[in-house]
Structure formats: structure tokens, C-alpha cells
Amino acid sequence: MENTIKNLAMNYYSFWGNLTMYMLLIAATLYIYCYKWKTRKMDLMLKSFNKMPSLPLIGSTYLLFGNMRERMIKLTNLVTDYKLPIAARMFYVPVVFIGSYEDIQIVMNKTYERASLGAFERVFGGSVTLTQGEKWRKNRRVLSTAFSTTQLQQYLRIYNEYSALLLQQLEQFSDTDRTFEVEHYIANMNLDAITFNMTGYKLNMMEKTSTEFAEALHKAVALESMRFTIPVLFPEIIYTLYLFLSGNYKVFEIIHQLPRQIVKNKLAEYKKNRHLQNGNTDDTEKQPKTLLDTLLKNHEIDAEFTEEYMEAELLSTMIVGHDSISATVSFVLLMFAMNPEAQEKAYNEIKTVFGDDERPVQTEDMTKLIYLEQCMKETFRKFISTFFTLRKHDEDIILKDKQVIPAGCTICVAFYAAHNDRRIFPNADKWDPEHFAADAIAGRDRLVSFIFGAGLRGCVGARYGMMAVKTELVHLVRRYRFTTEMKMDDIHLVMDFVPRNDSGFWLKAWSRRKR
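Residue numbers for the sequence shown follow full-length UniProt numbering, so the first one is 1 and each next one is one higher.
Among the hints, erroneous ones may be present.
[What the hints assert, rightly or not] Using 20 Å as the maximum straight-line C-alpha spacing, the simulated PhoX-like pairs for lysine-lysine come out as follows:
(1) Lys430 with Lys487
(2) Lys345 with Lys430
(3) Lys487 with Lys508
(4) Lys297 with Lys266
Calculated from the structure, these hints are not laboratory results.
All values derive from a computational prediction rather than experimental measurement.
Full structure from sequences and hints, please.
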């Protein structure tokens with residue numbers, strides 16, 4: 001009797017499980033064919049483009065199959081093995097890949113609408129990173145005030161303080177001949193610095209070996225990056241099912257808990273102290289001091305600045321800022337370690353500006369560090385943080401060779417391809433700071449590199465990013481000489497939120513104080 005009941009139960013669950021699976025497959029198939037029917041006119045217009053190899057139903061999706069490292073290699077190959085622009089269907093979505101700087105300028109200056117394939121919506125939500133239309137325009141104007149020249153001076157002071165703490169942490173490796181993974185320390189420092197700059201909250205990541213928030217953050221970014229390169233996960237229902245079945249759904253709840261709590265605490269504090277805003281305080285005291293202060297100020301006068309929006313904006317800034325800055329600083333240090341002559345040239349420039357004094361970096365120092373900035377820009381070019389982005393427009397777009405991208409078509413803007421254009425960068429395969437020397441840039445278009453994106457949706461925190469990277473490098477390079485046993489062939493990029501080396505950034509540090 002007991003066995004009979006068990007068999008009936010197993011058959012019952014097996015039946016409904018199989019039925020659910022078949023229903024999902026049928027629904028997905030119908031969705032794909034309906035979408036293809038809807039975009040059939042678009043397909044006709046794309047006939048003038050070269051086409052990627054394609055298979056029935058899944059299109060060119062199979063070209064991206066593989067693990068994170070393999071997918072990164074294949075993404076790179078997409079923009080090097082094929083003559084761009086080129087059209088493809090990624091699963092069911094018509095996509096045009098563009099890669100010349102001329103076409104990128106046309107598209108980025110004409111469009112401000114992001115094409116959404118679902119990726120990063122669970123992370124960034126309604127932040128300015130993903131919003132569209134008039135809401136995006138309004139919110140971006142508000143955010144830009146948090147990155148004004150006055151605000152940047154305040155942020156610079158914080159980066160000086162946290163950079164000094166970073167030097168203290170690295171002192172354990174100085175002159176020991178021990179190899180260490182530098183990005184771990186740089187990433188924790190940047191997460192602390194950007195969280196404090198944007199919210200006034202001390203995260204104290206540098207004092208911890210690991211936290212649930214940090215672990216969930218890295219996991220969430222990895223999941224969303226994976227989705228971005230696996231078109232079968234584009235449909236929300238399939239991705240949601242994958243998250244539940246893989247047990248990864250909770251990581252998105254965890255990463256939102258911290259900014260949610262910060263917003264609630266700061267909002268309560270803001271309301272409590274609001275009467276001070278109406279007192280006899282001077283204009284300086286009334287100015288917002290962090291991004292969150294700016295958001296809270298608008299929360300009072302604009303219903304769209306909800307707690308949920310402020311939470312999404314903070315999380316977006318924390319992730320985008322700390323990830324891209326950390327990866328860039330790590331790559332520059334690795335390139336310096338591989339290219340001692342460039343490292344010494346940068347060090348001598350720093351010494352010329354600062355002498356033997358390890359004073360804080362000031363705003364007026366920034367424009368004097370010309371060669372260091374060349375090295376930074378070349379690193380941005382070689383290891384670009386925005387490998388590609390997606391756009392679409394509600395009107396047809398005519399490219400430089402008169403090919404027409406139909407309205408509504410997803411456009412994959414491959415910045416990586418433009419940064420490897422040998423017309424502009426003759427030694428594109430090499431890390432060569434001379435690509436950005438004064439004589440090299442004198443005779444070329446100013447917009448041939450896309451360090452912080454381009455066009456209407458260029459990075460609102462571009463000056464912040466340059467300031468942070470340059471400040472950290474000054475502190476690090478004037479204190480230590482870095483060496484490595486790694487070679488360029490040891491660098492294998494993987495697709496995270498920003499491309500990074502899958503085996504890390506392994507360096508040795510030698511104190512310059514003994515000179």
C-alpha cells in the first residue's frame with residue numbers, strides 16, 4: 001500500500017513536472033516565432049549587411065557557447081574575424097554589430113535609448129544606467145550635480161585618505177619577494193571609498209576578509225554578465241526559472257539590502273535634521289555633500305525620486321564605479337610591472353611634480369601628470385571596461401557607407417573593435433602609451449577612443465573615474481616599484497561587469513623609500 005502511494009505521488013509530480021517543462025518549451029517557441037514575425041520587415045532591410053553564420057531557431061547564438069573565458073574569446077573574435085558592420089540573429093533578436101569609430105560616433109550621437117535584453121535589470125533596476133526617455137534626461141541632470149568640480153574636490157580628499165590606508169595594507173609585501181594578488185586589495189579600497197563618497201557610510205571592506213554583501217555582489221555581477229552573453233537567457237521567464245533552479249535567486253536580495261538600509265537610515269536622519277536647512281546656515285552648508293544627499297534633496301520635491309529609485313542609483317554607482325576603477329588601476333600596475341621603462345618614466349614624472357614629499361594629491365596636480373595619463377588612456381584602450389554596449393533608435397540610422405540600420409533594431413556597439421583599429425593605433429596588439437602622445441593625437445579625430453562610452457549617454461562620472469585612477473596610481477607608484485613574473489600571454493580576459501584577467505594580477509612590491 002505504501003509503495004503504491006509513493007508510486008502514485010511520483011507519477012503525479014512527474015506528470016506535472018513534464019507538463020510544466022513542455023508548456024515552457026511551447027511558450028518559448030511561440031514567443032520566438034511571434035517575435036520573428038514581428039521583425040520580418042527588419043530582416044528584409046538587413047539584407048544589405050554581411051551575415052554571421054546562423055542555425056535554425058537559435059541564429060548565431062551558438063557562436064557564444066562556452067565558459068566565461070571561452071565566451072570572451074568568442075566575443076573578441078566576433079569583432080575581429082568578421083568585417084563590421086555585420087548583421088545576426090542572436091537567438092531571436094536581430095542585431096547589427098558595428099565597430100568603426102565613424103559608425104560608433106553616428107550611432108552614439110543619434111541614440112540615447114539603451115537596447116534592453118534584460119541583463120543587469122535585477123542589479124540596477126530603475127537607475128539612470130537603464131532608464132529611458134525624459135526620465136533618463138531629468139535624472140541624469142540631477143546626478144551630474146553630484147559630480148561637479150566642487151564635489152570632486154571633496155571626493156579627492158577621501159581618495160587620498162583611502163589610498164594611504166591601501167599603502168599600509170600593501171606594506172606587508174614590501175621587499176619580501178612575495179607575490180600577491182593586487183586587485184583584491186584595490187577592489188576593497190575602492191568599494192570603501194566610493195561607498196563613503198556617495199553615501200557617507202563607512203563600509204570598512206578593507207578591514208574584513210569577506211562579507212556576505214561582497215560575495216553576493218560578485219556573484220550577482222557574474223550571473224548578469226553570463227546572461228548578457230547567453231541569448232537563451234534573454235527571456236525573463238527563462239532566466240527567472242534558471243535562477244530558482246540554480247539556487248542563485250537570493251543573491252539579488254542580499255545586494256539590495258545594504259543600499260536599502262543606507263537609504264532608510266539617511267532618510268530618517270535627513271528628516272530629523274531638516275529644520276537645520278531652514279535655519280541660519282550659510283550656502284556652503286546647504287550644498288549636498290554626497291550623491292545620496294543630492295537624491296534626498298530631490299526626494300522632497302519630486303515623486304519619482306522614491307526610496308526604491310535611490311537604492312537602485314546607489315547600487316549602480318557602487319558597482320560601476322568600484323569595478324571599473326579597480327580593474328583599470330590593476331591593469332595599469334600590471335602593465336607597469338611588465339614594462340619597467342614606462343613605470344620609471346611615470347615615477348620620474350610623479351617625482352618631478354611631488355618631489356620627495358608624499359603629500360596628498362591636489363586638483364592642480366592632475367594636469368601636470370601627462371605621461372601617467374597617457375599610460376592610463378592606453379590601458380583603457382587595451383583593456384576597455386565597456387567592451388560593448390547595446391543601443392536602439394526609433395528611426396532608421398544611416399552608417400558611413402550608407403547602409404541603413406532599421407528603426408527598432410538592436411545595435412551592438414563594439415568599442416573593442418574601434419580600440420583595435422590599426423588606422424588609428426598602429427601597434428594595437430601592444431600596450432603602447434605613445435598611442436596617446438601629443439604628436440600621435442594631433443592629427444587624428446578627437447573621438448577615436450571611447451574610454452567612458454560616447455554620445456548622449458556617456459558616463460556621468462567620467463571625471464570622477466579619471467581622478468580616482470590617477471590619485472591611486474600616484475600613491476602606489478611613488479611608494480613602490482612593482483615587478484611581475486606574468487607575461488602578456490598570461491592575460492586571458494573573462495567577461496565580468498568589466499573585462500578582467502581570469503587568473504588575477506600577481507605582483508611583487510619593492511619600496512622606493514630606500515632610494
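Cross-check of the supplied hints:
no.: 1; hint: Lys430 with Lys487; result: 12 Å, holds
no.: 2; hint: Lys345 with Lys430; result: 18 Å, holds
no.: 3; hint: Lys487 with Lys508; result: 14 Å, holds
no.: 4; hint: Lys297 with Lys266; result: 11 Å, holds
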